[in-house]
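*Asks:* In our numbering, the protein residues as written are 992 to 1619.
Don't read these hints as lab results, they were simulated from the structure. Any given hint could be a false lead.
[Stated by the list, open to error] Have a look at the derived ranges for each label pair, beta carbon to beta carbon:
1) 1424 <-> 1201: 28 to 34 Å
2) 1053 <-> 1372: 53 to 59 Å
3) 1297 <-> 1263: 32 to 38 Å
4) 1053 <-> 1219: 36 to 42 Å
5) 1372 <-> 1497: 28 to 34 Å
6) 1053 <-> 1193: 20 to 26 Å
7) 1169 <-> 1459: 26 to 32 Å
[As the list claims (entries may be wrong)] Below 30 Å or equal to it, Euclidean Cα-Cα: the simulated DSS-like pairs (lysine-lysine) are:
8) 1084 <-> 1219
9) 1089 <-> 1120
10) 1303 <-> 1532
11) 1250 <-> 1220
12) 1193 <-> 1219
13) 1318 <-> 1339
14) 1471 <-> 1290
15) 1290 <-> 1318
16) 1532 <-> 1339
17) 1220 <-> 1232
18) 1089 <-> 1068
19) 1518 <-> 1475
20) 1219 <-> 1117
21) 1068 <-> 1532
22) 1250 <-> 1274
23) 1290 <-> 1120
24) 1089 <-> 1117
25) 1117 <-> 1250
26) 1290 <-> 1303
27) 1515 <-> 1475
28) 1369 <-> 1518
29) 1068 <-> 1006
30) 1303 <-> 1339
The beta carbon of each residue, even a glycine, is placed where N, CA and C say it ideally should be.
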Amino acid sequence: MIFARKLWHVLVAIKDGLALLFLLLFFIALYAVLSSRPTASQVREGALLLKLDGSIVEEPEAVDPWAVLTSGSLPAKQYRTRDVVRALDAAAKDEDVKAVVLDLSRFTGGGLVTMMDVGAALDRVKAAKKPVLVHAFGYADDGVMLAAHATEAWVDPLGGAFIMGPGGHNLYYAGLFERFKVTPHVYRVGTYKDFVEPYLRKDMSPEARAARTAVVGSVFDQWQADVKKARPKANLDLAIKDPAAWYRASGGDGAEAAKAAGLIDRIGDKVAFGNRVAELVGKDTYDPRPGTFAHSGLKAYLAAQPVETPGKAIGVITIAGDIVDGKAGPGTAGGDRIAELLDSSETKDIAALVVRVDSPGGTVTGSERIRQAIERHKARGIPVVVSMGNVAASGGYWVSTTGSRIFAEPATVTGSIGIFAVLPSFEKALAQYGVTADGVRSTPLSGQPDVLGGFTPELDGMLQANIERGYQRFVGLVAKARGKTPEQIDGIAQGRVWDGGTARQIGLVDEFGGLDDALAFAAKQAKLGEGDWHPLYLGAKEKVAGSLLEALLMGGEKDDDDAAPPQGDLFAMIAQRQQSLVAQVMTDAQRLLSAPGAQVYCLECPAQPVALNRSPIKLGWLAKVLAP
992 MIFARKLWHV LVAIKDGLAL LFLLLFFIAL YAVLSSRPTA SQVREGALLL KLDGSIVEEP
1052 EAVDPWAVLT SGSLPAKQYR TRDVVRALDA AAKDEDVKAV VLDLSRFTGG GLVTMMDVGA
1112 ALDRVKAAKK PVLVHAFGYA DDGVMLAAHA TEAWVDPLGG AFIMGPGGHN LYYAGLFERF
1172 KVTPHVYRVG TYKDFVEPYL RKDMSPEARA ARTAVVGSVF DQWQADVKKA RPKANLDLAI
1232 KDPAAWYRAS GGDGAEAAKA AGLIDRIGDK VAFGNRVAEL VGKDTYDPRP GTFAHSGLKA
1292 YLAAQPVETP GKAIGVITIA GDIVDGKAGP GTAGGDRIAE LLDSSETKDI AALVVRVDSP
1352 GGTVTGSERI RQAIERHKAR GIPVVVSMGN VAASGGYWVS TTGSRIFAEP ATVTGSIGIF
1412 AVLPSFEKAL AQYGVTADGV RSTPLSGQPD VLGGFTPELD GMLQANIERG YQRFVGLVAK
1472 ARGKTPEQID GIAQGRVWDG GTARQIGLVD EFGGLDDALA FAAKQAKLGE GDWHPLYLGA
1532 KEKVAGSLLE ALLMGGEKDD DDAAPPQGDL FAMIAQRQQS LVAQVMTDAQ RLLSAPGAQV
1592 YCLECPAQPV ALNRSPIKLG WLAKVLAP
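When you get a sec, could you build the whole thing from the sequences and use the hints?
*Replies:* As structure tokens, this is what we get:
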């Protein structure tokens, strides 16, 4: 008994000691995190440095700190488009900002409409007589586009540039299914609804090829027009028509080739580039290392630019990423989450609603959940306006039918009004190994759907009829919203995608313009004058607990963080991009096997930027304590 009491006292002492230790560590961490948050005092005279170590998106995904803890690596960073544009517009008017500097060493891109918005903001900086300088190790399409809007574009001596253009290959699995005797049951409506073609064919159908050729051509024309306008000296034909000859003419030197094509202006490493910036804005008195210059980072600079909120609020709901059922997001459009945001007390007094869509679609049920929530606001009699970003197709267009006016850009990809579902069964695969199915049914649907024994013709017929009904509903929603007959909409639907310019011609879009144009129109419809309103971005408030945990686990986020390696040379850039093919295979398999129900999804739409660099990184101190 004496031994047991002593052991108990020891265990209690250990418990109390650990509790005290973790409590002390928590308050130390809390102080460190709060003191390290960006503040106006961190803004200095010099350059605005946009160190874009990731992609620019409509709505950044939430970082799961526990996933970071278990994987030991961070996902690529994401920057909100409107934050980047707001910082650039503020810099154009700020006397303390002498230049804008873009570090694209680890930039992974963004959608074409997004790049055009950022490029236009860079032009406004230049119009204010302030230089814009950009540096990268290597440039791909999106980086080339931003560099075109720069006053000085630099590339590392070992780097280069290349232009891939939109488009590429999809993977087709019909041959694989034949080999392993998998039966894909496909239910669809739409001649051009080629999302299901990878499960049925070994190549692209003529109809899908025609539709995609038109969209890809239009989008690439938009890209080239933007680059040529911003940088007239750029010889895009030299870089596009025969890239091998282009590189050989410079002796295989990618940097010299980029300069010869006028894509960049100067060749130099980061130190040389930093010294050049220092000539314009001054040296960094806090950092004596070579190549440093006085600057303020994006987060600190935004913290010093308070957002004014005059007058009434115009709500903005963001529908970004795949539309799914449930509460997923941000970065994914969870139908329940978005519906709850729209139905929250925050929206009771909004004067109008702008629906910002940047989504290739997803589930019918998730899309309908969002549409109904928007319709409830229309029933209140307030104006509802839709603003399309890079992509607003399939389910993205389903929710767009709520708008009294639809704004889009010529480079927006939209349409894809079609519906489908895919379910696999494995009766042939099992029969190959001697496993067969038999039994007694009371009805043709007994035991259905039987993924091991096979589907009955009656079930197939029911599911196809249901999909056809879903298509009729989709067409009916569009027809009612656009003031056309279902027959007229059916002629431009059939699952076909359209570029924004053509979509306007055929009546799927009303007007060219961005989010600001949609907000101004909504304010006018609500009879609000200039200065009498402000945008209220629903669901944009940062969750303190989540951000605190993220900072504790990941050690915060610094503008000068060099933990991740740069993008690498031409071979490294190409190799990294092949990672997206692996992700595509996994996604295709997941969509086939998860059976999420009827889908309104766009296969032809441009893919979202992928995280090319997921190397192990230096985690925060708490993560190091907890990881073991």
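*Asks:* Determine whether the Cβ-Cβ distance between residue 1053 and residue 1372 falls within the hinted range of 53 to 59 Å.
*Replies:* For residue 1053 and residue 1372 the Cβ distance comes to about 34 Å; the hint is violated.
*Asks:* Starting from the range 28 to 34 Å, see whether the pair residue 1424 and residue 1201 falls in it by beta-carbon distance.
*Replies:* Once the Cβ atoms are compared, 42 Å apart, the range 28 to 34 Å for residue 1201 and residue 1424 is violated.
*Asks:* For the pair supplied as a hint, residue 1219 and residue 1117, is the alpha-carbon distance within the 30 Å limit?
*Replies:* holds, 17 Å
*Asks:* Are the Cα positions of residue 1193 and residue 1219 separated by 30 Å at most?
*Replies:* violated, 38 Å
*Asks:* For residue 1250 and residue 1220, compute the direct alpha-carbon distance and say whether it is at most 30 Å.
*Replies:* Holds: residue 1250 and residue 1220 sit about 18 Å apart, inside 30 Å.
*Asks:* Do the alpha carbons of residue 1369 and residue 1518 lie within 30 Å of each other, as the hint requires?
*Replies:* Since the Cα atoms of residue 1369 and residue 1518 sit roughly 16 Å apart, the hinted pair holds (cutoff 30 Å).
*Asks:* Are the Cα atoms of residue 1303 and residue 1339 separated by 30 Å or less?
*Replies:* With Cα atoms ~12 Å apart, residue 1303 and residue 1339 stay inside 30 Å; holds.
*Asks:* Measure nothing beyond the straight line between the CA atoms of residue 1303 and residue 1532; if it is 30 Å or shorter, mark the hint as holding.
*Replies:* This hinted pair holds, its Cα atoms lying about 18 Å apart.
*Asks:* Given the hint that residue 1250 pairs with residue 1274, test it: the Cα-Cα distance must not exceed 30 Å.
*Replies:* Status holds; Cα separation ~27 Å.
*Asks:* Please work out if residue 1518 and residue 1475 have their alpha carbons no farther apart than 30 Å.
*Replies:* holds, 28 Å
*Asks:* Is the distance from the Cβ of residue 1169 to the Cβ of residue 1459 consistent with 26 to 32 Å?
*Replies:* holds, 27 Å
*Asks:* Compare the distance between the alpha carbons of residue 1089 and residue 1117 with 30 Å, and conclude whether the hinted pair is satisfied.
*Replies:* Measuring from Cα to Cα gives roughly 11 Å; hence the hint holds.
Hints 1, 2, 6, 12, 14 and 29 from the list above are not met by this structure, while the remaining hints are.
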